[in-house]
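Number of protein chains: 2
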Amino acid sequence: MSEKMKQLKGILGEVSDLNHATSVLGWDQQTYMPPMGAEARGQQLATLGKISHEKFTDEKVGHLIANLKEEFDGAGPDSDDAALLRVVERDYEKAVKVPASFVAEQSQVTSAAFEAWVEAKGKSDFSIFQPHLEKIVDLTRKYISFFPPADHPYDTLLDDYEPGMKTADVKKIFGDLRPKQVELIRRIKEAKQVKDSFLHKKYDEKKLWDFSEEVAKKYGYDFSRGRQDKVAHPFETAFSANDVRITTRFEPQNPMAMLFSTLHETGHALYEQGISLSYERTPLAHGGSLALHESQSRMWENLVGRSKSFWKYFLPRLKKIFPTQLKDVDLKSFYNAVNKVEPTFIRVNADEATYNLHIMLRLEIEIALVEGKVNIKDLPELWNTKMKDYLGITPPNDAQGVLQDVHWSYGAIGYFSTYALGNLVSAQLWEKINGDIPDLSEQISKGNFEALLSWLRTKVHIYGKKYEPQDLVQRITGSKIDATPYVNYLTNKYTDIYGL
Amino acid sequence: MSEKMKQLKGILGEVSDLNHATSVLGWDQQTYMPPMGAEARGQQLATLGKISHEKFTDEKVGHLIANLKEEFDGAGPDSDDAALLRVVERDYEKAVKVPASFVAEQSQVTSAAFEAWVEAKGKSDFSIFQPHLEKIVDLTRKYISFFPPADHPYDTLLDDYEPGMKTADVKKIFGDLRPKQVELIRRIKEAKQVKDSFLHKKYDEKKLWDFSEEVAKKYGYDFSRGRQDKVAHPFETAFSANDVRITTRFEPQNPMAMLFSTLHETGHALYEQGISLSYERTPLAHGGSLALHESQSRMWENLVGRSKSFWKYFLPRLKKIFPTQLKDVDLKSFYNAVNKVEPTFIRVNADEATYNLHIMLRLEIEIALVEGKVNIKDLPELWNTKMKDYLGITPPNDAQGVLQDVHWSYGAIGYFSTYALGNLVSAQLWEKINGDIPDLSEQISKGNFEALLSWLRTKVHIYGKKYEPQDLVQRITGSKIDATPYVNYLTNKYTDIYGL
Chain A
1 MSEKMKQLKG ILGEVSDLNH ATSVLGWDQQ TYMPPMGAEA RGQQLATLGK ISHEKFTDEK
61 VGHLIANLKE EFDGAGPDSD DAALLRVVER DYEKAVKVPA SFVAEQSQVT SAAFEAWVEA
121 KGKSDFSIFQ PHLEKIVDLT RKYISFFPPA DHPYDTLLDD YEPGMKTADV KKIFGDLRPK
181 QVELIRRIKE AKQVKDSFLH KKYDEKKLWD FSEEVAKKYG YDFSRGRQDK VAHPFETAFS
241 ANDVRITTRF EPQNPMAMLF STLHETGHAL YEQGISLSYE RTPLAHGGSL ALHESQSRMW
301 ENLVGRSKSF WKYFLPRLKK IFPTQLKDVD LKSFYNAVNK VEPTFIRVNA DEATYNLHIM
361 LRLEIEIALV EGKVNIKDLP ELWNTKMKDY LGITPPNDAQ GVLQDVHWSY GAIGYFSTYA
421 LGNLVSAQLW EKINGDIPDL SEQISKGNFE ALLSWLRTKV HIYGKKYEPQ DLVQRITGSK
481 IDATPYVNYL TNKYTDIYGL
Chain B
1 MSEKMKQLKG ILGEVSDLNH ATSVLGWDQQ TYMPPMGAEA RGQQLATLGK ISHEKFTDEK
61 VGHLIANLKE EFDGAGPDSD DAALLRVVER DYEKAVKVPA SFVAEQSQVT SAAFEAWVEA
121 KGKSDFSIFQ PHLEKIVDLT RKYISFFPPA DHPYDTLLDD YEPGMKTADV KKIFGDLRPK
181 QVELIRRIKE AKQVKDSFLH KKYDEKKLWD FSEEVAKKYG YDFSRGRQDK VAHPFETAFS
241 ANDVRITTRF EPQNPMAMLF STLHETGHAL YEQGISLSYE RTPLAHGGSL ALHESQSRMW
301 ENLVGRSKSF WKYFLPRLKK IFPTQLKDVD LKSFYNAVNK VEPTFIRVNA DEATYNLHIM
361 LRLEIEIALV EGKVNIKDLP ELWNTKMKDY LGITPPNDAQ GVLQDVHWSY GAIGYFSTYA
421 LGNLVSAQLW EKINGDIPDL SEQISKGNFE ALLSWLRTKV HIYGKKYEPQ DLVQRITGSK
481 IDATPYVNYL TNKYTDIYGL
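Protein chains in written order, with the numbering used here: chain A, 1 to 500; chain B, 1 to 500.
By construction, these hints were calculated from the structure, which means they are not laboratory data. Among the hints, erroneous ones may be present.
A pair holds if it fits inside one copy or across any two, identical chains being indistinguishable in the list.
[What the hints assert, rightly or not] Computed list of lysine-lysine pairs in DSS-like fashion (alpha-carbon distance at most 25 Å, straight line):
#	residue 1	residue 2
1	K386	K340
2	K202	K388
3	K446	K217
4	K230	K207
5	K189	K142
6	K50	K327
7	K373	K142
8	K230	K206
9	K6	K55
10	K206	K319
11	K9	K55
Kindly generate the complete structure, drawing on both the sequences and the hints.
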């Protein structure tokens, strides 16, 4: 390694350590921190964010990048160091446009906003969160102003989560997808409905927690390099490929949500645990993009975790744990029940057919926020109107409406569409995987996930951020992000379940 | 506030945030971190330590101190800012002598050493810890070499934990104390022994945990600004006066140890929760010294928690929780049992009469290590020989011998004597408190700890590090650290229990 590359990696290593420390503090804030600790935590996070930003945007870094670009001029697309340089240059060019004072302010604001969101959601009172969200939207528009004008101001935000993706692209993909999903939901609505009352009986939290972890282990999640804790809003976070944590929650009225939430976060965690250790302490040591990340979580949650093969293996085990609740429930009934389509209020618990409509709703609101076309105080009403339009239901309160998601409290505007894109990518990959592993469904029905995980490890996980997300999808599947496989997957699945 | 003081406080605030982030990462490492996370955590801690050290030892800080000293020349002893300046100057003069590379190395070494200690203790195999301890002792001697020669090389270490204290002072205090404690133990040994078999029955961990937290709350520990978790080696840690956490452990063969450990750490936590909020993010926002800190933990653990008044109130409650285990146990028998004197292997569980001998043993070993008069590999044998000499017993294995304490794995050599000094201070304060609150024991027997806590808050806690520890003790009690009140306290207590 050249002396200059060593210097650059030294700085990136410290920045990575600071960012991982920030993640530990964030994890603690959401899992175990006592409520009064929030103010000091906000200051600690602000200071870490400021120092990390200062270190990364130091002009030394700019000089090193410029020098190293010559050195790596002509390096092939498979050079790790060339890929690192490309990612670092991209991040650097973005970061230098954002003043350190802004980063510190944002960190302070979002830390307070998160606490306010927790309280607001608990009391189902949007007015508690409103002034914080106003600050966040102001900061977001200020953030956009640091960058050269894009085709659409929302492009600047989107690009942070999904490099290279444009608002127009997303609108186009969603535009194609929406009528097909709406038509599918219409046909399902007219079909004979599925029974799932046995899923809403009383299930013991601890037993379900243990079962969820049992499945996560079977999937290949390594608990010597991870753990699961309880939170208000589940997430996955990594402090190294050797310390990748997941979180979950229990909702008594919807107990199975805990299981699927664990499987979802396990999908994220498998990705992070599979990234090449040679990328540790560099910006390559993360998932390729949010859509790619979500393709992994949704695959393990839905394409695997809600498949008939999966339950062929796991239902007998679950029936042993909950013999009364699942008495006389056979495979077909159980499979149908966990795939029941029904418009509901909560995105994370939405079935696969309605899920993307939750995303489209949020995308439209976010774009309106960025364009300044909506007053924050009107959000609950706007939310409810759109829910009525898209899903035909009206949330009974803000906790089940506009306050349900944590993202805005983090300042993460521009994030949501990656969830829907992730669904699409998961189906694209799934098509390819089933071509490469013809007996995959049989393997899954025997509780064997090794070939699947190994395929994902070698084709996706190990590369971290090495390839641009769209390029990686193209490399693996032969095309860029495309809605067709997902629509086919949904149509086949629900044709079987609802006899369409 | 002058512009220069504002600048200084700005830097100190960032250093404090970094140090608190370090503490959060340390807390996580000992409570919840998955085992494979240790290597990355070591690097994160090293980076935070390095940056904090760089920021604090920046020559800007030196200039600000020099300028501000003029400004505060003549400020009285009660000026907070003058006290801050004194503490900062002292810390700065020390810190600039230690190179950043040393700090980073120490952080890496101790992070690995802690993991090795956990494993070594688990397997009761000193050889696993030995190479790590060798590195730590080398680093400790290197550390001493950065400072001007003191009367004794160990002085340099001691001064970090107990400002102003000399090895000769400690030897003198312990020299006076030792024959008196040995004589007391001899007389107890000849008396009729106390029965405590009912304390070693099977007690449910969860119920005892809840009872411990119930007492901690009664003491005044504010759980909205704190929490308790489970660890291998209990400690208290603070990330702000509003986020002060304690930890405990359960030993099935000695269940009550969990209760007293919680009360001990609660004593530390009450101190940190009571420090003036105006000191937040400055070096004044810590306990005055380790001996002062220990005076608080030992007071709430022993002078309160093992008093007859305390159990007059709490025994009926405990008997309700454990009716079978404590059937027919009256106050006097219970009081005697929790104060039973018996030489044992584990310091933290030692009774008040033998405790200080555990400290003297460690002090002698540490001094020998610093003087280079002992080989690390001979430590288990040396430990066992001294245990035999002082307490007449020989540990059956290293886990119950030389490996029992975590401190050396942190690189904390010079720390132990403060535990014994803390005992002495606790009794000095206790004498004074009982003069000021004549009915204290009656209040305690009614479960009322408010007057006691309020006394400690206003005389000790609120000041943080404002006063030099010996000065504060003098201010409150009229004399410097002195063994007499402690010897009197022990003699009175055991005369009653053992009918000496």
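- Status of K340 relative to K386 across identical chains (alpha carbons, at most 25 Å): Within one copy only: 22 Å inside a chain, 71 Å across chains, cut-off 25 Å.
- Item | Up to 25 Å CA-CA - K388 versus K202, copy category | neither (30 Å within a copy, 59 Å between copies)
- Item | Identical-chain pair category, K189 with K142, by Cα at 25 Å | For K189 and K142, neither the intra-copy (44 Å) nor the inter-copy (76 Å) Cα distance is at most 25 Å.
- Is it within, between, both or neither when you check K9 against K55 at 25 Å Cα-Cα? both (12 Å within a copy, 21 Å between copies)
- Query: How would you label the pair K230, K206 (within, between, both, or neither) given a Cα cut-off of 25 Å?
  - Reply: Close inside one copy (12 Å) and across copies (19 Å); limit 25 Å.
- Message: As a check of your reading, is K50 near K327 (CA-CA no more than 25 Å) within one copy, between copies, both or neither?
- Response: The answer is neither: 57 Å in one copy and 60 Å across copies each exceed 25 Å.
- 25 Å Cα cut-off: does K206 pair with K319 within a copy, between copies, both or neither? within (15 Å within a copy, 29 Å between copies)
- State whether the alpha carbon distance between K6 and K55 is at most 25 Å within one copy, between copies, both, or neither. both (16 Å within a copy, 23 Å between copies)
- Task: Measure nothing new, just compare the shortest in-copy and cross-copy C-alpha distances for K446 and K217 to 25 Å and report within, between, both or neither.
- Result: within (15 Å within a copy, 52 Å between copies)
- Message: I want to check one pair: K230 and K207. Are their C-alpha atoms no more than 25 Å apart within a copy, between two copies, both, or neither?
- Response: Both. Shortest intra-copy (14 Å) and inter-copy (22 Å) distances satisfy the 25 Å Cα cut-off.
- Query: Given identical chains, is K373 near K142, meaning Cα to Cα at most 25 Å, within a copy, between copies, both, or neither?
  - Reply: Within. Shortest intra-copy distance 16 Å satisfies the 25 Å Cα cut-off; inter-copy 65 Å does not.
In this structure, the earlier hints numbered 2, 5, 6 are contradicted, and the remaining ones agree with it.
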